[in-house]
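S.K.: Here's the letter readout for the chains.
Number of protein chains: 2
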Amino acid sequence: MPLTDERREIEFWFDFASNYSYLSVMRIEDAAAATGATVVWRPFLLGPIFKSFGWDNSPFVLQHEKGDYMWKDMARECRKYGLPWNRPSTFPRVSTLPARVAIVAAETPWIGEFCRRIMLLNFASDRDINSQEAVAEVLSNLGLPALQILDEAQSETNKPRLRQQTETAKAKRIFGAPTFFVNGEMFWGNDRLNDALRFAGERVKARD
Amino acid sequence: MPLTDERREIEFWFDFASNYSYLSVMRIEDAAAATGATVVWRPFLLGPIFKSFGWDNSPFVLQHEKGDYMWKDMARECRKYGLPWNRPSTFPRVSTLPARVAIVAAETPWIGEFCRRIMLLNFASDRDINSQEAVAEVLSNLGLPALQILDEAQSETNKPRLRQQTETAKAKRIFGAPTFFVNGEMFWGNDRLNDALRFAGERVKARD
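Chains Y and X, in that order, give the protein sequences. Going by the numbering used here, the first residue of the first sequence is number -10, and it counts up by one from there. Going by the numbering used here, the first residue of the second sequence is number -10, and it counts up by one from there.
Among these hints, one or two may not hold up.
Copies of the same chain look alike in the list, so a pair counts if it fits in one copy or across any two.
[Claimed, not checked] Once the Cα atoms are required to be at most 30 Å apart in a straight line, the calculated DSSO-like pairs of lysine-lysine come out as:
hint, residue 1, residue 2
1, K148, K159
2, K148, K55
3, K161, K148
4, K148, K40
5, K159, K40
6, K69, K55
7, K159, K55
8, K55, K40
9, K55, K161
10, K40, K61
Please keep in mind that the hints were generated in silico from the structure rather than gathered at the bench.
Same shape as in the complex, but just chain Y (with noise of 0.2 Å):
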């Protein structure tokens, strides 16, 4: 067995346009640190996932009935996990921007963090998430160059980085997000985020 696969590792597939996903960007730094798991960020997009269905838009929208109760539900668990809760005028918004730059960032310090502000500006704030100003904004606030990882996100080396992962979410058949991995076992949707944790704390003990 290659040593990596001993370390409890969760790699989480999301999408900033995604509701569930922002309920999992919120919590799942601090759910994998208290079971020792690293959190390995995988960013993509959902829309291509949802064409290659023969969807033109998310289920929450194509299905009415689904779609007005999952915004009752998102006020539900926000509260539920005590997070902030402004319903988006625009649903689902363009993420590409914000999923360049976590394709950058994805192996930084600064990831975590990236991610939360983004969804907030999404989720609580209720503003564009793809625009320079707005992602600019969230990476100033961090302390960081912005121009420089903007430039570097939208190079031409970059982009086609964010088309490949969200092709191999295809090629491990994932259909929605937030979507979870833990040694190959998916975990689907934000409510199985502690069963995802507990299989790799479990995996690891059965090691021991």
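Mind docking chain X on chain Y? Use the hints.
M.R.: Frame of chain Y; chain X shown alone:
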């Protein structure tokens, strides 16, 4: 406010064909009793609901990625709840006959046990649940007059009651099962059963 409004009641909408309904059918009576809530059993058929969305089958059959994931999730969920599990060789199973019996039985003291036994036939014993034999066997094992109940369930006065219940589900904008209502508030999915029961408790406490 009418008197019934003051009681802790949870309306439980389910289909014997639905795998996630299986989890809730097995759990709900104990979980509700622990919080002092009463279960109001509302069997219905998901098929006509799906048809109204333009689907000719369960989304778990139509969407392969989601369907394949669901079977893994079910195995894990059953382990989590300590429930027996065998993936049914036919899915979704026709559930009209046991649903008609459940309509007859909804207000009897044996409704919970009847529903659990039908669900176990489907999701633990991998048996057809729509045959006279299977349903009669369950009823007889409960010490009930099986043939008399089957006659009543299949009578021309009872058949429209199941159709009506399914129409009511549609009118309440139910889009899947299990679905719970607590004082008009909708909760969808076995993952929300505890939240629904907590909500029932809070409502009563707020009025104390």
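S.K.: The structure should be examined with respect to each hint, and the outcome stated for every one.
M.R.: To see whether the hints hold, each was checked on the structure:
Taking CA atoms no more than 30 Å apart as the test, K148 paired with K159 passes inside one copy only; the shortest distance there is 17 Å, against 45 Å between copies. Taking the closest pair of Cα atoms, K148 and K55 come within 30 Å of each other only across two copies (28 Å); inside a single copy the shortest separation is 33 Å, beyond that limit. Taking the shortest alpha-carbon separations for K161 and K148, only the intra-copy value of 20 Å comes in at or below 30 Å, while the best inter-copy value is 45 Å. When the C-alpha separation of K148 and K40 is checked against a cutoff of 30 Å, the pair qualifies only within one copy, where the shortest distance is 19 Å, while the shortest distance between copies is 41 Å.
With identical chains, the CA atoms of K159 and K40 are at most 30 Å apart both within one copy (11 Å) and between copies (28 Å). For a Cα distance limit of 30 Å, the shortest separation of K69 from K55 qualifies both inside one copy, at 20 Å, and across copies, at 27 Å. With identical chains, the CA atoms of K159 and K55 are at most 30 Å apart both within one copy (24 Å) and between copies (12 Å). Within a single copy, K55 and K40 get their C-alpha atoms as close as 19 Å, and across copies as close as 15 Å, so both meet the 30 Å cut-off.
In this assembly of identical chains, K55 and K161 lie within 30 Å of each other by CA distance both inside one copy and across copies; the values are 25 Å within and 12 Å between. For a Cα distance limit of 30 Å, the shortest separation of K40 from K61 qualifies both inside one copy, at 26 Å, and across copies, at 25 Å.
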